[in-house]
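Each protein sequence line maps, in turn, to chains A and B. Using the working numbering, the letters of the first sequence correspond one by one to residues 1 to 259. Using the working numbering, the letters of the second sequence correspond one by one to residues 1001 to 1259.
Hints were generated in silico from the structure; no laboratory data involved. Note that the structure is predicted; figures quoted are calculated from it, not measured. Where is the CB? At the ideal position from N, CA and C, for every residue including glycine. Be careful, since some hints might not be right.
[As the list claims (entries may be wrong)] Quick partial rundown of chain B residues pointing at chain A, CB under 7 Å, derived from the structure: (1) S1153; (2) S1191; (3) P1220; (4) D1227.
[Said to hold, decoys possible] Just so you have them, the derived chain A footprint on chain B, three or more residues with Cβ under 8 Å: (5) 1043-1053; (6) 1126-1133; (7) 1161-1168.
[Unchecked claim] Straight-line C-alpha distance at most 35 Å; calculated DSBU-like pairs for lysine-lysine: (8) A:K38 <-> A:K72; (9) A:K105 <-> A:K38; (10) A:K105 <-> B:K1105; (11) B:K1038 <-> B:K1105; (12) B:K1072 <-> B:K1105; (13) B:K1188 <-> A:K188.
Protein chains: 2
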Amino acid sequence: MTVRQFPTLKIHSPYQAARGGVGKSTLTANLAVALAAKGLRVGLLDADIYGPNIPGMLGLSGRPEIDEASGKIQPVAAHGLKAISMGLLLDPGTPVIWRGPMLAKMIHQFLFNVDWGQLDLLLLDLPPGTGDVQITLTQMAPLTGALIVTTPSAIALEDVRRGVEMFRQTEVPLIGLVENMSYFSCDKCGSAEAIFGEGGGETTARHLEIPYLGQVPLDPLIRLQADAGEPVVQAHPDAASGQALLRLAGDVGNYFQSA
Amino acid sequence: MTVRQFPTLKIHSPYQAARGGVGKSTLTANLAVALAAKGLRVGLLDADIYGPNIPGMLGLSGRPEIDEASGKIQPVAAHGLKAISMGLLLDPGTPVIWRGPMLAKMIHQFLFNVDWGQLDLLLLDLPPGTGDVQITLTQMAPLTGALIVTTPSAIALEDVRRGVEMFRQTEVPLIGLVENMSYFSCDKCGSAEAIFGEGGGETTARHLEIPYLGQVPLDPLIRLQADAGEPVVQAHPDAASGQALLRLAGDVGNYFQSA
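Just chain A, same shape as in the assembly:
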């Protein structure tokens, strides 16, 4: 995640970056809802143009309206926040078969042609990789904080090192690293199983000299609630996973307040 200051609007835009499938979008959706519940004015920009999952995870539907006078796109409001996503502009299942320059144009639209109004924080959900979307964002928007999400697997951590290095090269400050899918508690016997490995997140954070923001368990509730369109922090704030995500939202909130 990253925070940025627009030249005129006062908008922070945190975003998350890592490899695919580590739960970036799920974490972003939960953080956005949790930060909005704290009273912050939160926007959520789904920058994953090819695989926009935010609408499903927040249960958003309907097409965003265009304001006739200003020509601006109206973000969709839900769960106390405003969101925009390629998924809201397309029929379900429609692929976006675009080369990079089109991606960059769409990101520009989402940043500057959406009627965000006054926001305290704009969260960006990034696609995997270090390509056109990332380059465009670092050039167009002074991002003020990236949150790195990973699983404990060594292969995932390879990609983390590359992501962190990209943010360093582009001078985006790092909020910290959170380890997702850290352990699974068996429904039957309660045994905690480290399916994707153990301790990799903390070791990597120390090695890369970025703050370690703890673990989020591999809890089927997180996935169930994402599939149902109501993030776990809202539906089950007392579950272990809900608690972990609320604690993370607290850390991210503090980062931006002290930044």
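Based on these hints, arrange chain B on the given structure of chain A.
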């Protein structure tokens, strides 16, 4: 996965496509090793330029050599196959901060400037999405079969529908859909837990009218062996996950023999 015929070389190039984090690279590495063990001459092209995980999963190291006479890049040989990856050309942790046109150039190099020799099958490990790499490949190479990999989660299946539609639009035949991370068997009590949901892969395959190729369990052995650089089909062919992957390799092999 997709098979293609080069104009002069007889190369089939299967590849996999889906969202990030569903285990595409792990499955591709296992399939490549299993198909090579059947006696096929297998090449593996890691087309994920931003997040090249194939070298780690196959334990590859060292830089590929360039043949002075022909100027061709020598692929790295291991586990009975030949492989090329951006990860072999860079120091670990170095990000590739490139826009789309550079990606397309690199894919072209990997296809046509690597000394693949005679191959029966070239497997392509694709990055997530429906962007530059996918467009470039469908334009440059007559791909002859795509294998769709997904988890059972509804959110992952959204991305599957988009991927399948892209392959249909670009006239790439679909080998079928395999559901990965289908269930986890608790180490302690043996209970099978459907962490990412149940039955979504089969339902989606039926709905999209593509062959359903079964399940691969969420087995920590798969991840451990990927982290260790020796795929599970080689290290533990008798494990439930090894068996599932070998069965999948059989299905994929049959597809190409009858194609």
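- Query: Which hint numbers does the structure go against, in order from smallest to largest?
  - Reply: Hint check: nothing fails, all pass.
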